[in-house]
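Peer 1: Sequence:
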Amino acid sequence: LCTHIRKLASSASYRRSSGEFLCDSPKLLEEALLRQADLHTVVCTADAALPPIPAGVRLVRVPADVMKTLSPAQTPQGVLSVCGMRPPALPEKLEGRRYVVLDGVQDPGNVGTTLRTADAFSADGLLLVNACADLYNPKTVRATMGAVFRCPVWTCDVPALRALLTASGLPLYGAALRTDTVDARRVDYTRCAVAIGSEGKGLSRELLACCDRTVLIPMRDHCESLNAAAAATVLLWEMARND
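Residue numbers (our numbering): 76 to 318.
Some clues are possibly wrong.
[Claimed, not checked] In the DSBU-like style, the derived pairs of lysine-lysine whose C-alpha atoms are separated by at most 30 Å in a straight line are:
no.	residue 1	residue 2
1	K82	K102
2	K82	K214
3	K102	K214
4	K143	K102
5	K276	K214
6	K143	K214
7	K82	K143
[What the hints assert, rightly or not] Pairwise CB distance ranges (calculated):
no.	residue 1	residue 2	range
8	E299	M160	28 to 38 Å
9	S197	L165	19 to 29 Å
10	D140	P234	48 to 58 Å
11	R261	G159	40 to 50 Å
12	R295	P234	34 to 44 Å
13	S93	R261	42 to 52 Å
Quick caveat, the hints were computed from the structure, so don't treat them as lab data. Quick reminder that beta carbons are idealized off the backbone N, C-alpha and C, glycines included.
Taking the hints into account, I'd like the entire structure generated from these sequences.
Peer 2: Right under this line is the structure:
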């Protein structure tokens, strides 16, 4: 079990092959239980306060020094949970109103925070393209603060994304500069997807070519860009204000 947990924490390929991922806090365990996630195992220290654990879920108590070797967090919180992955299949059509697309965002914290914010502002899902950080990386999962169990996330390539948005009648607005760029405060977000690229590279040329419009987040002249999660937050707030 210890080797299995360490591999879940460190290897995306191992997570995929095992069909499991690791959550490393009491909050994530509570969310997994609340959302009826596919909970397989709970590992905790002897003094950890746990909610009722369903029958059939393996419960293992370990000494604090062992927990330190198992937890991917620098400061373990005394509770680890192993859950089965339930990645939704890419649908033929997106029926919701608002979606976020992340393009090549490789920082797990940015991906997780964006999902958490998308959930907070009632977005209908997150789409990941061009080698974004693994959704099931423990750092990503931790940053979602439980949104990984609440808000759907799909991974696909750009042609599949383009076909899906077209079939769904959803325009794509990219956070980028182009001749058609509009102030983000002046955009109609009634039904759309917004795309955000990595802080270093921005949107890829391939995805930018798919954008029906580009939007600009106004900021001081000496500031070149925002962190990807911060940009997503601004646009999600503008989308929510559209209601």
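Peer 1: Now look at each hint and say whether the structure bears it out.
Peer 2: Cross-check of the supplied hints:
1. A hinted pair counts as satisfied when its Cα atoms are at most 30 Å apart, and K82 with K102 qualifies at roughly 22 Å.
2. This hinted pair checks out: K82 and K214 have alpha carbons roughly 14 Å apart, not beyond 30 Å.
3. About 14 Å separates the Cα atoms of K102 and K214, which keeps this hinted pair within 30 Å; it holds.
4. At roughly 18 Å between alpha-carbon atoms, K143 and K102 fall within 30 Å of each other, so this suggested pair holds.
5. Restraint check: the Cα-Cα separation between K276 and K214 comes to about 22 Å, which is no more than 30 Å; the hinted pair holds.
6. Taking the CA atoms of K143 and K214, the gap is about 16 Å. The hint holds against a cut of 30 Å.
7. Distance restraint check for K82 and K143: the Cα-Cα separation of roughly 15 Å lies within the 30 Å cut-off, and the hinted pair is therefore satisfied.
8. Remark: the range hint 28 to 38 Å for E299 to M160 is upheld by a beta-carbon distance near 37 Å.
9. Distance hint check for S197 and L165: the Cβ-Cβ separation is about 21 Å, which falls inside the suggested range of 19 to 29 Å.
10. For the pair D140 and P234, the supplied restraint of 48 to 58 Å holds, since their beta-carbon distance comes to about 50 Å.
11. Checked against the hint of 40 to 50 Å, the C-beta distance between R261 and G159 comes to roughly 44 Å, which is consistent with it.
12. A beta carbon spacing of about 37 Å between R295 and P234 agrees with the range 34 to 44 Å that was offered as a hint.
13. Distance hint check: the CB atoms of S93 and R261 are about 48 Å apart, consistent with the given range 42 to 52 Å.
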